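Enquirer: Just so you know, the sequences run in chain order X and F. Count the first sequence with my numbering and you get residues 1 to 114, in order. Count the second sequence with my numbering and you get residues 1001 to 1110, in order.
Heads up, a few of these hints could be off.
Here are the simulated EDC-like cross-link-like pairs (lysine to aspartate or glutamate), alpha carbons at most 20 Å apart as the crow flies [claimed, not checked]:
no.: 1; chain 1: X; residue 1: 44; chain 2: X; residue 2: 57
no.: 2; chain 1: X; residue 1: 44; chain 2: F; residue 2: 1027
no.: 3; chain 1: F; residue 1: 1054; chain 2: F; residue 2: 1081
no.: 4; chain 1: X; residue 1: 11; chain 2: X; residue 2: 85
no.: 5; chain 1: X; residue 1: 44; chain 2: F; residue 2: 1081
no.: 6; chain 1: X; residue 1: 71; chain 2: X; residue 2: 85
I should point out that these hints are in silico values taken from the structure, not numbers from a laboratory. These figures come from a predicted structure and were not determined experimentally.
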Amino acid sequence: EAGVAQSPRYKIIEKRQSVAFWCNPISGHATLYWYQQILGQGPKLLIQFQNNGVVDDSQLPKDRFSAERLKGVDSTLKIQPAKLEDSAVYLCASSRISGANVLTFGAGSRLTVL
Amino acid sequence: GIQVEQSPPDLILQEGANSTLRCNFSDSVNNLQWFHQNPWGQLINLFYIPSGTKQNGRLSATTVATERYSLLYISSSQTTDSGVYFCAVPGTGTASKLTFGTGTRLQVTL
Chain X
1 EAGVAQSPRY
11 KIIEKRQSVA
21 FWCNPISGHA
31 TLYWYQQILG
41 QGPKLLIQFQ
51 NNGVVDDSQL
61 PKDRFSAERL
71 KGVDSTLKIQ
81 PAKLEDSAVY
91 LCASSRISGA
101 NVLTFGAGSR
111 LTVL
Chain F
1001 GIQVEQSPPD
1011 LILQEGANST
1021 LRCNFSDSVN
1031 NLQWFHQNPW
1041 GQLINLFYIP
1051 SGTKQNGRLS
1061 ATTVATERYS
1071 LLYISSSQTT
1081 DSGVYFCAVP
1091 GTGTASKLTF
1101 GTGTRLQVTL
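Turn these sequences into a full structure, and let the hints steer you where they fit.
Expert: What follows is the structure, encoded as structure tokens:
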């Protein structure tokens, strides 16, 4: 089975610019997650989708971050405008069902904000 | 929210040595997962272990849910075991919102 695909792998932007990350989960996985991992820390959940509905976005900075999963398959995470503290790796993960199942992570998208 | 602490924070082993990593969590949980993040940043799920003991090759894990801790055992360590090991548990009220621990950074030397 193909893994979770993410792009781009690396992105460098200046503060106040915008950026978008794309994720394609494993086929058949209903639940999709976006995590932010700052250097030296564990991943932090930003948003969780079940099919194309949002299950949890309590830690998403909604004034600058947005995410969508329009057809219940792939997803886009956008940051506009970016701040220096947004420099991190953005990890996408998917699982078959919400709750009791195993998460499979993509390779991540590393963002550097200058 | 739930607190997840891991120990030790850093560990250096010689190849062939054994080690035990610990994960303590502050509230009752109904699942726990162990992950390995390799030096290139890829997170790989090692175990889904809400309770009891599981083994996979040189790795095994034990979760004692009633005492709110889990242990990851690495035997006969290899250089490819290097990286950061995270445990993750669901937060209160949301079964699938995983809260990750602080991580244990392992370096295996020749």
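Enquirer: Holds or violated: residue 44 of chain X with residue 57 of chain X, Cα cutoff 20 Å?
Expert: holds, 11 Å
Enquirer: For the pair supplied as a hint, residue 44 of chain X and residue 1027 of chain F, confirm whether the alpha-carbon distance does not exceed 20 Å.
Expert: Holds - the C-alpha atoms of residue 1027 of chain F and residue 44 of chain X are around 18 Å apart, at most 20 Å.
Enquirer: Hint check: residue 1054 of chain F vs residue 1081 of chain F, CA-CA at most 20 Å. Holds or violated?
Expert: holds, 18 Å
Enquirer: Is the straight-line distance between the alpha-carbon of residue 44 of chain X and that of residue 1081 of chain F 20 Å or less?
Expert: With Cα atoms ~23 Å apart, residue 44 of chain X and residue 1081 of chain F exceed 20 Å; violated.
Enquirer: When you check the alpha-carbon spacing of residue 71 of chain X and residue 85 of chain X, does it fall within 20 Å?
Expert: Between residue 71 of chain X and residue 85 of chain X the Cα gap is close to 31 Å, so the pair fails against 20 Å, i.e. violated.
Enquirer: Tell me if the straight-line CA distance from residue 11 of chain X to residue 85 of chain X falls inside 20 Å.
Expert: Holds: residue 11 of chain X and residue 85 of chain X sit about 15 Å apart, inside 20 Å.
Comparing the model with each earlier hint shows violations of hints 5, 6; every other hint is respected.
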